[in-house]
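4 protein chains.
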Amino acid sequence: MRADSDWGAPASYIPELARVDPAQFAISVVTADGRLHTAGNAETRFSVQSITKVFTLAIALGRSGDQLWQRVGREPSGLAFNSIIQLEQEQGRPRNPFINAGAIVTTDEVLSGRAPRDALAEIVQFIRTAAGSDDIHINEAVAASETAHGHRNFALAHFLASFDNLKNPPEMTLGTYFHHCALEMTTTQLAMAGRFLMGSPAGPGLLSTARVRRLNALMLTCGHYDGSGDFAYRVGIPGKSGVGGGILAIVPGQASIAVWSPGLNHYGNSLKGTEALAMLASRMNWSIF
Amino acid sequence: MRADSDWGAPASYIPELARVDPAQFAISVVTADGRLHTAGNAETRFSVQSITKVFTLAIALGRSGDQLWQRVGREPSGLAFNSIIQLEQEQGRPRNPFINAGAIVTTDEVLSGRAPRDALAEIVQFIRTAAGSDDIHINEAVAASETAHGHRNFALAHFLASFDNLKNPPEMTLGTYFHHCALEMTTTQLAMAGRFLMGSPAGPGLLSTARVRRLNALMLTCGHYDGSGDFAYRVGIPGKSGVGGGILAIVPGQASIAVWSPGLNHYGNSLKGTEALAMLASRMNWSIF
Amino acid sequence: MRADSDWGAPASYIPELARVDPAQFAISVVTADGRLHTAGNAETRFSVQSITKVFTLAIALGRSGDQLWQRVGREPSGLAFNSIIQLEQEQGRPRNPFINAGAIVTTDEVLSGRAPRDALAEIVQFIRTAAGSDDIHINEAVAASETAHGHRNFALAHFLASFDNLKNPPEMTLGTYFHHCALEMTTTQLAMAGRFLMGSPAGPGLLSTARVRRLNALMLTCGHYDGSGDFAYRVGIPGKSGVGGGILAIVPGQASIAVWSPGLNHYGNSLKGTEALAMLASRMNWSIF
Amino acid sequence: MRADSDWGAPASYIPELARVDPAQFAISVVTADGRLHTAGNAETRFSVQSITKVFTLAIALGRSGDQLWQRVGREPSGLAFNSIIQLEQEQGRPRNPFINAGAIVTTDEVLSGRAPRDALAEIVQFIRTAAGSDDIHINEAVAASETAHGHRNFALAHFLASFDNLKNPPEMTLGTYFHHCALEMTTTQLAMAGRFLMGSPAGPGLLSTARVRRLNALMLTCGHYDGSGDFAYRVGIPGKSGVGGGILAIVPGQASIAVWSPGLNHYGNSLKGTEALAMLASRMNWSIF
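Line by line, the protein sequences are chains A, B, C and D.
Numbering follows the numbering used here, with no gaps: position 47 of the first sequence is 47.
Numbering follows the numbering used here, with no gaps: position 276 of the second sequence is 1276.
Numbering follows the numbering used here, with no gaps: position 54 of the third sequence is 2054.
Numbering follows the numbering used here, with no gaps: position 224 of the fourth sequence is 3224.
The hints are simulated quantities; they were obtained by calculation from the structure and are not laboratory data.
Bear in mind the structure is a predicted one, so any value in this text is a computation, not a measurement.
Ideal Cβ positions, reconstructed from N, Cα and C, are used throughout, including at glycine.
It is possible that part of the hints are untrue.
Chain B regions said to be covered by chain A (calculated; three or more residues, Cβ under 8 angstroms) [to be verified]:
1) 1076-1084
2) 1115-1129
3) 1213-1226
One side of the interface only, derived from the structure: several residues of chain A facing chain B at Cβ under 7 angstroms [as the list claims (entries may be wrong)]:
4) S77
5) Q125
6) S287
When you get a sec, could you build the whole thing from the sequences and use the hints?
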């Protein structure tokens, strides 16, 4: 991973992400025995973006249980993360909670009538507790920029509303959505926050084993948009990527891993992050299969 | 699972499958220590259909290696098993080897210039070796009926050919495809044949560990057509279903399971077979997540 | 057309349209010699809705000429009037100016930086001049209701904006759009307003003959959403329908016809209005073919 | 149209069409008074291809009447001429008789149990009678080449069969289809053959006025594939194009026009032929609008 390698290009749709230097890399691994291993810029904060969808899904399932699945499906989409095509073909029910439309629905479920600040407080507190750190914050400039450039997400939210699959006004749900996506974390904070998905005693015990397994199943089948099958094939463990270049990956019972490198591959997932995870999993003989 | 339960309806597109009594059930489990457990009609032969796609994929990868992926993808399809829509949208490259179009391509790769009988002999011998039984045969009546009613598959094959993604004449590749899908096995034979996917020393060691893991990854993300995400969520282990009502499921390192019940759910997967696997996995605490 | 006939159901998406009695009918015909013929409730005002898209297109072409076609196409859509699928597949360029997305673009072009009230004033004045009547007004309750229930149109507008195919803020363009769709006219006013599309000296001479012909061509190929081919086949003259149950139809050089009956067929076009036009065209031997 | 102009590229999918020199042009016009006007290579025979779909449709309507519309629609497709997507989405009913799938259905209807040679004899005789010339023949080399390279059409035919929308075996219907598409005519023969679509006494009176009008309506809305709206807008008269570079266009009551120039535009319609028709229609003030 020398300076002359191809690092991929960072997300370009908002200036805050576009101007990040792609030639950065960090990895943090927390093993089941509680030990932490890091390399690279592991104390640099980055925009976790879609990775928060795992945490909001955990909260939404905690609040609503299986009723949530009436509003959103559990199948891979076969299309880009922000596609609206299936939403029309399938009457406003997003395919899964990890594409944008589905995450807007889970955010809407977490919101459910409360003021956005209260829902956000719950989401942030959940992540801080999971990570064991209070030093995790929302980048307001990123949230504002997402709002200003978020026409595609506004389209998705209004489309959901046209099928009565939004309980709150689109602006309110999207405001909450843009803010939790704008959380910033270091890879170490993120790996710590993912411990509960190991399903081991080392985790904070926030969810039942059955629910943890189901979150991992969803990450495996849907966590990398239309590159999920490829990630499962090449890396072999559940993971969730964000457009900021982060990936949270879980080796059940063994490790919680966070990588970050801002350059993306053509699926919109971290290029070097994916390669690093494939290498690490292979060398450690980590695979769920 | 009493007589008054809803067993689902068997596949109806050919008489040979349509007239099977749906109120049948069998399960066979082979554990890593080589012990066999069975229940129900475990000695009844049924049409394994799409489950053979796992074996032909294993053979195709053995013959062609990663070059195969130039002709077929590794992503869930988000559409029905016999849909032709993505094939047009993605220039004749099927999304994965387990939807019909993809399995026609892997069959075409296994065929590669040989007489169909030679390719079929290799496929049947692979499965017999894996199962440790020579008493596994093709049902010619089923193969003939598939051919007679196979307009949708002929459409897929000609469509592939129109994009130069078929090396052999459509009739020849389809003849081979229809024949290996017409193999009949008992659940015990199928569970035995699946041992090599456990990746354990008890298996016949036909493939490397890395390749076994990748086959399991593909089964998990794509093995149940557009119900793959749901199966991963509810059952939590890799599996491949067939329209004859069979499912082969793998608990890596621990068990190879075959279930059979001819009634299907709306995805085209065995209704009772899926339920039985979910129950068994839960009680045995078997999950890859 | 007796009381016991099937009148179809009125549009149901806003209360103002849903509560209109479907068992109403009106027709007004203005011939090239300037004579007016009417039958039914020809002095009842109804919501013209999408029929205004013809007039806004005429204005947009007058302001921008053929540059408009960089933003919107001229092909039938093959999908419902409010579908968003092709908008994604074709990078935010609507197929034609008569589906919702296309009419939002032409409205945006008419608006082009002005205050909505100024653009609306131009649209209303154009129609009043064409009709030779100042007694044509916007129903503010309908406009407000469209805004309140317009999530699908908001989705389309934001989607257009995400592809940089909207010059004004979505709310501003949509406000203008909802208002001109909420114009109310009688069939007589509408038939009078359509005279300029006859291309005859009796018309107000607002447009060149070439442009008039092109507007008629667009009405023929795209004027009845995904029922345009059927209307051309059965009726044989250009027309533009509105979800309020009105249709403006043109016999070039001979007649401008307005019909109204609020019950719709499954394409969303007036059921009895279409039947009446087919009957009239047949009896009068009016056809462009 | 000098030597240095851009003539477009001829169809490339079979050698017989690909090797035609694109820098050729011919036009023949028959007016209602029976006079013939020609320019260019008006005695050169070219492959009329899809233009025969107009004649087979006329025959199919004569044999089956409106029952034909149960098997095929009358709406523009919004997709390429050989797309299979809508065929799956709309359960095997092609959108109109002028896209490939629809023309296979009308050919199947004309065939209806007879030997292909008998159906072909009827089609050829119909065209010869319409043209007033017996010197019109099928190019067997073109028909054979279409068969050899016709995987996309085989896919369409089998797909239709899978929905029970084919009465004859796919090979038989396609054999008939490929043969009538392989007819060769001069522009003069074609313009003569189109006279009956003028609806005037000069025509051979093969069809009723109502049916003639409906054929023209279908040509206008669907006759140029996904460029039909553009042709209606720019040229303003009904027409049907063929991939061999020919176009038959009709000015109802006034003229039957055939143009030919083998180079195609991106819709698959003759580039120079379309331009010539636009120019001619404009200069002659010919328009149906």
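> Counting residues of the stretch 1076-1084 of chain B that have a beta-carbon nearer than 8 angstroms to any beta-carbon of chain A, does the count reach 3?
Replying inline: holds (count 4)
> Taking the closest Cβ pair, is A:S287 under 7 angstroms from chain B?
Replying inline: Check passed: Cβ of A:S287 comes within 5 angstroms of chain B, closer than 7 angstroms.
>> Is the listed coverage of the stretch 1213-1226 of chain B by chain A valid when you require three or more residues with a beta carbon under 8 angstroms from a beta carbon of that chain?
In response: holds (count 9)
> Taking the closest Cβ pair, is A:Q125 under 7 angstroms from chain B?
Replying inline: Hint violated; A:Q125 Cβ to chain B Cβ min 26 angstroms, cut 7 angstroms.
>> Would the hint on A:S77 be counted as holding, given a Cβ-Cβ threshold of 7 angstroms to chain B?
In response: For A:S77, the interface hint holds, since the closest Cβ of chain B sits about 6 angstroms away, which is under 7 angstroms.
>> Cut-off 8 angstroms, C-beta pairs, minimum 3 residues; does the coverage of the stretch 1115-1129 of chain B by chain A stand?
In response: violated (count 0)
In terms of the numbered hints stated before, the structure departs from hints 2, 5, listed from lowest to highest.
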